[in-house]
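Peer 1: Residues per chain are reported as follows:
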Amino acid sequence: MIQSVFLTVGTTRFDDLLKEINQESFFKALISLGFKNLIVQYGNSILPENFPKDKYTLETGETLSINLYKFKFNDSKSFYNDMKQADLIISHAGSGTILDALELHKKIIVVPNETLMDNHQIELANAMSKKGVIISSSISELINTLNNLENIEFKPFLKENNNAFVDILDNLMGFED
Amino acid sequence: MIVFGSGGHTTEMIRLVKNLPRTRYSPRNYVVADTDEMSKEKIQLMEEGSKDSNLIEIPRSRKVHQSYFTSIFTTLNAMFYCFINNYKYQPDLIICNGPGTCIPVCYSALILSWLMPWRKTGFGKIKIVYIESLARVKSLSLTGKLLLPTASLFIIQWPELYTKITGIEINTEKEAEAEKDKEEKEKEINNEKDINTKTKTKSTSKFINKRIIFRDDLM
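Protein sequences appear in the order of chains Z and R. Following full-length UniProt numbering, the numbering of the first sequence begins with 1 at its first residue and continues without gaps. Following full-length UniProt numbering, the numbering of the second sequence begins with 1 at its first residue and continues without gaps.
Treat the hints loosely; a few may be bogus.
[Unchecked claim] Dumping the calculated SDA-like pairs for lysine to any residue here, alpha-carbon to alpha-carbon at most 20 Å:
(1) K131(Z) x I170(R)
(2) K131(Z) x F123(R)
(3) K125(R) x I168(Z)
(4) K120(R) x F175(Z)
(5) K159(Z) x R215(R)
(6) K18(R) x V166(Z)
(7) K125(R) x E176(Z)
(8) K18(R) x D170(Z)
(9) K145(R) x E123(Z)
(10) K210(R) x K131(Z)
(11) K40(R) x Y80(Z)
(12) K18(R) x H120(Z)
(13) K53(Z) x D15(Z)
(14) K138(R) x L148(R)
(15) K72(Z) x K40(R)
(16) K127(R) x A164(Z)
(17) K131(Z) x L218(R)
(18) K138(R) x H120(Z)
(19) K130(Z) x I170(R)
[Said to hold, decoys possible] From the structure, some residues in chain Z lie toward chain R, with a derived Cβ separation under 10 Å:
(20) S95
(21) T97
(22) L99
(23) L124
(24) I143
(25) N161
(26) N163
(27) I168
(28) M173
[Claimed, not checked] In silico negatives: residues of chain Z with every beta carbon more than 12 Å from chain R:
(29) I39
(30) E49
(31) D54
(32) L58
(33) G61
(34) K70
(35) K107
(36) E114
(37) Q121
Simulated from the structure, these hints should not be mistaken for lab results. Glycine included, each C-beta is placed from N, C-alpha and C at the ideal position.
Starting from the given sequences, assemble the full structure and let the hints guide the process.
Peer 2: Below you can see the structure in the form of structure tokens.
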């Protein structure tokens, strides 16, 4: 099985994150975790000019194949597919992406974009990471987090076939079971 | 009638309503903003093969980052569409979780219920259930603030936010006794604040507790 990492910024612009991952220590961290494949969905961010386009090769000869794209707009399923195939997701703090990743039982590292005015995303990332269901990491800590990834346990968050909401509604509407 | 928004709102709403028993909750009308292809796709996927569901498209009331001033007008435009649809479909129950679209949908339904109290969705009979998005950890969204006074049931998913709104502490850990004193003090402070700032929270706290609830097991 191809061990794949999917990095996504949604529709946002997140230049700092792309700058941070454009360095040997990032690719090295992924390779030493056993990953073979990195997919980067960079949205409205500016991709550094020297970002490796198809693969990154270490001095030892180990390679990480790289796929880059901006959006898969006309087909949201293929974006979802990339998440599905990934073994690890590195994401901006969009709540939709976080929930999708948890729904797919994926390990997810969330990197909040601190330059955005909207700090609710940071609050959400921190609150979820406190529960131990995701990892929230600042940009500068990302590589450290990756190097430490094997020691971190992800707790399940979403429940399968959760009927709690149905029960609440039934109660309100006066339906009986 | 189930109101959808974009991005995280959609993912959450799908999780909330996908298990609704279709026989009891029928027909199901899904309201989406006309530009929201992702929600349309997800709803179609969820409702594949059903005959009692219906997709209602209304103009978007507020784009992300749109100024509050111009959004008054776009909301009024959306409101017009909502009046027509609420009149036509007469929902008994409106479920929403925070996108801007909730405002025109719920307010127009409420106004209709006041104007035509004799209908089955007349005054006091229509129910609005609001689930504040999981993404709101410490403060209510604008939509949440606007619907807080009118929702029949207002659900908050993070303890911190619940405490902020109701003044009621939630102990996720078993430190109840040690925190009792603190709790009471904070309650007093919060109560004073409520009386000072808001006239609409004059209702008894018992009533508020029943209507505004905390649940962290919905997802």
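Peer 1: Hint by hint, note whether the structure agrees.
Peer 2: Tested hints:
This hinted pair checks out: K131(Z) and I170(R) have alpha carbons roughly 16 Å apart, not beyond 20 Å. Distance check on the hinted pair: K131(Z) and F123(R) sit about 42 Å apart at the alpha-carbon level, beyond 20 Å; violated. For the proposed pair K125(R) and I168(Z), the alpha carbon gap of about 17 Å is at most 20 Å, so the pair holds. A distance of roughly 17 Å separates the Cα atoms of K120(R) and F175(Z); the hinted pair therefore holds under the 20 Å criterion.
Between K159(Z) and R215(R) the alpha-carbon distance is near 14 Å, which keeps this suggested pair within the 20 Å criterion. Note on K18(R) and V166(Z): the hinted pairing holds, with a Cα-Cα distance of about 9 Å set against a maximum of 20 Å. With a CA separation close to 19 Å, the supplied pair K125(R) and E176(Z) stays within the 20 Å bound. Restraint check: the Cα-Cα separation between K18(R) and D170(Z) comes to about 14 Å, which is no more than 20 Å; the hinted pair holds.
Distance check on the hinted pair: K145(R) and E123(Z) sit about 18 Å apart at the alpha-carbon level, within 20 Å; holds. Our distance criterion of 20 Å between C-alpha atoms is broken by K210(R) and K131(Z), whose separation comes to about 27 Å. Straight-line distance between C-alpha atoms of K40(R) and Y80(Z) comes to about 15 Å, which keeps the hinted pair within the 20 Å bound. For a cut-off of 20 Å, the pair hint linking K18(R) to H120(Z) is broken: about 26 Å separates their Cα positions.
Taking the CA atoms of K53(Z) and D15(Z), the gap is near 17 Å; set against the 20 Å cutoff, the hint holds. This hinted pair checks out: K138(R) and L148(R) have alpha carbons roughly 15 Å apart, not beyond 20 Å. Distance check on the hinted pair: K72(Z) and K40(R) sit about 17 Å apart at the alpha-carbon level, within 20 Å; holds. Taking the CA atoms of K127(R) and A164(Z), the gap is near 18 Å; set against the 20 Å cutoff, the hint holds.
Pair hint K131(Z) plus L218(R) holds up; C-alpha atoms about 15 Å apart against a cutoff of 20 Å. Of the supplied pair hints, the one linking K138(R) and H120(Z) holds, its CA atoms being roughly 8 Å apart against a limit of 20 Å. Proposed proximity of K130(Z) and I170(R) is supported: the alpha carbons are some 16 Å apart, at most 20 Å. Hint status for S95(Z) relative to chain R: holds, with the closest Cβ pair at about 3 Å, below 10 Å.
For T97(Z), the shortest C-beta to C-beta distance to chain R is roughly 8 Å, which falls under 10 Å, so the interface hint holds. Of the supplied interface hints, the one on L99(Z) holds, with its beta-carbon coming within about 4 Å of a beta-carbon of chain R, less than 10 Å. The closest approach between the C-beta of L124(Z) and any C-beta of chain R is roughly 5 Å, which is under the 10 Å cut-off, so the hint is satisfied. For I143(Z), the interface hint is violated, the least distance from its beta-carbon to any beta-carbon of chain R being 27 Å, above 10 Å.
For N161(Z), the interface hint holds, the least distance from its beta-carbon to any beta-carbon of chain R being 6 Å, beneath 10 Å. Taking 10 Å as the C-beta cut-off, the interface hint given for N163(Z) holds, the closest approach to chain R being about 6 Å. For I168(Z), the interface hint holds, the least distance from its beta-carbon to any beta-carbon of chain R being 7 Å, beneath 10 Å. Among the interface hints, the one on M173(Z) holds; its C-beta lies about 6 Å from the nearest C-beta in chain R, closer than the 10 Å criterion.
For I39(Z), the non-interface assignment is confirmed: its Cβ lies about 20 Å from the closest Cβ of chain R, beyond the 12 Å cut-off. No Cβ of chain R approaches the Cβ of E49(Z) within 12 Å, the least distance being about 29 Å, so the stated non-interface status holds. The claim that D54(Z) lies off the interface holds: its Cβ sits roughly 29 Å from the closest Cβ of chain R, which is beyond the 12 Å cut-off. For L58(Z), the shortest C-beta to C-beta distance to chain R comes to about 37 Å, beyond the 12 Å cut-off, and the non-interface label holds.
Every CB of chain R lies more than 12 Å from the CB of G61(Z), the least distance being 41 Å, so the non-interface label holds. Here K70(Z) stays apart from chain R, with its beta-carbon at least about 17 Å from theirs, past the 12 Å limit. Distance check for K107(Z) against chain R: the nearest CB is about 18 Å away, which clears 12 Å, and the non-interface claim stands. Against chain R, the non-interface label of E114(Z) holds: every CB pair exceeds 12 Å, the least being about 16 Å.
At roughly 7 Å, the least C-beta separation between Q121(Z) and chain R is not larger than 12 Å, which violates its mark as non-interface.
Figure legend: structure checked against the earlier numbered hints; hints not met, in rising order: 2, 10, 12, 24 and 37.
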